[in-house]
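Peer 1: Spelled out from the first residue to the last, the chains are:
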Amino acid sequence: VEMTQSPATLSVSPGQRATLSCRASQSVSSNLAWYQQRPGQTPRLLIYGASNRATGIPARFTGSGSGTEFTLTISSLQSEDFAVYYCQQYNYWPRTFGQGTKVEI
Amino acid sequence: EVQLVESGGGLVQPGGSLRLSCAASGFTFNNHWMSWVRQAPGRGLEWVANINQDGSGTYFVDSVKGRFTISRDNVQNSVYLQMDSLRGEDTAVYYCARDQHYYESGNYYYYFDVWGQGALVTVSS
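So the sequence lines, in the order shown, correspond to chains A and B.
Under the numbering used here, residues 1 to 105 are what the first sequence spells out, in order.
Under the numbering used here, residues 106 to 230 are what the second sequence spells out, in order.
The set of hints was computed from the structure by calculation and includes no laboratory data.
Given the structure is predicted, the values throughout are model-derived calculations rather than measurements.
Using N, Cα and C, we set each Cβ at its ideal position, and we do this for glycine too.
Any given hint might turn out to be false.
Computed footprint of chain B on chain A; a stretch qualifies when at least three of its residues, placed anywhere within it, have a C-beta under 8 Å from a C-beta of chain B [what the hints assert, rightly or not]: (1) 9-23; (2) 60-72.
Examples of chain A residues lying across from chain B (beta carbon under 7 Å, computed) [what the hints assert, rightly or not]: (3) 31; (4) 33; (5) 52; (6) 56; (7) 95; (8) 97; (9) 100.
With the hints as constraints, model all of the structure from the sequences given.
Peer 2: Given below as structure tokens:
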């Protein structure tokens with residue numbers, strides 16, 4: 001299953017809202033996760049099951065969608081949120097990632 | 106604290122072999138599938154392999170089938186990735202990741218909820 005993220009790069013000011021999109025080439029139901037990777041760091045789970053925040057993830061991160069269209073919304077960007085975000089489907093094997101969206105200042 | 110620590114990365118010539126290790130702590134290791142995920146320089150993430158709780162089931166991405174093997178030691182709380190016949194395109198940071206799962210509509214679904222810091226593998230002459 002091919003995962004396509006848009007845009008490739010998103011330029012946002014601190015305090016603004018960011019909306020990231022992820023599209024699957026076929027329905028993955030709600031079996032979708034979002035990960036954050038800060039520069040030079042390891043990926044971190046943000047969202048699983050399309051809309052469930054992982055432990056310790058702030059409420060400003062919201063996941064939505066099902067089937068083939070998904071969205072990650074960051075309601076008010078903080079400095080630590082500037083990173084690359086990956087979506088990943090786990091409805092089918094092999095589990096596949098999108099190419100990432102870089103959120104920059 | 107839940108922690109995964111990889112080791113064993115390095116520089117290897119094309120056609121060579123390397124073994125990565127991942128030491129787990131802070132959780133009940135034999136309750137979880139474990140995976141390896143890689144990231145080529147400047148690129149995105151690619152799942153490589155995973156292994157079930159008792160080691161009886163292993164799965165690989167097509168590009169490494171027949172060259173990589175995955176194993177685990179539930180006494181040492183460790184998972185391993187043996188990489189043979191290495192190619193330039195295997196150059197990447199290799200992350201060990203814990204699989205978390207849930208059961209829904211008759212199936213289990215697995216995502217990665219904990220990641221190690223990564224081990225760099227460079228395949229070059």
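Peer 1: Does each hint fit the structure? Answer for all of them.
Peer 2: Verification of the supplied hints:
With 0 residues having a beta carbon nearer than 8 Å to a beta carbon of chain B, the segment 9-23 of chain A misses the requirement of three or more and the stated coverage is violated. Under the rule that three or more residues need a Cβ within less than 8 Å of chain B, the assignment of the segment 60-72 of chain A is violated, with 0 such residues. For residue 31 of chain A, the interface hint holds, since its Cβ comes within 7 Å of a Cβ in chain B; the closest pair sits about 5 Å apart. A least Cβ separation of about 4 Å between residue 33 of chain A and chain B falls short of the 7 Å threshold, and the interface hint therefore holds.
Of the supplied interface hints, the one on residue 52 of chain A is violated, with its beta-carbon coming no nearer than about 10 Å to a beta-carbon of chain B, more than 7 Å. For residue 56 of chain A, the shortest C-beta to C-beta distance to chain B is roughly 11 Å, which exceeds 7 Å, and the interface hint is violated. Satisfaction of the interface hint for residue 95 of chain A is found here, the shortest Cβ-Cβ separation to chain B being roughly 5 Å, below the 7 Å cut-off. Satisfaction of the interface hint for residue 97 of chain A is found here, the shortest Cβ-Cβ separation to chain B being roughly 4 Å, below the 7 Å cut-off.
A cut of 7 Å between beta carbons decides the hint on residue 100 of chain A: the least distance to chain B is about 5 Å, and the hint holds.
Hint check: violations occur at hints 1, 2, 5 and 6; the rest are consistent with the structure.
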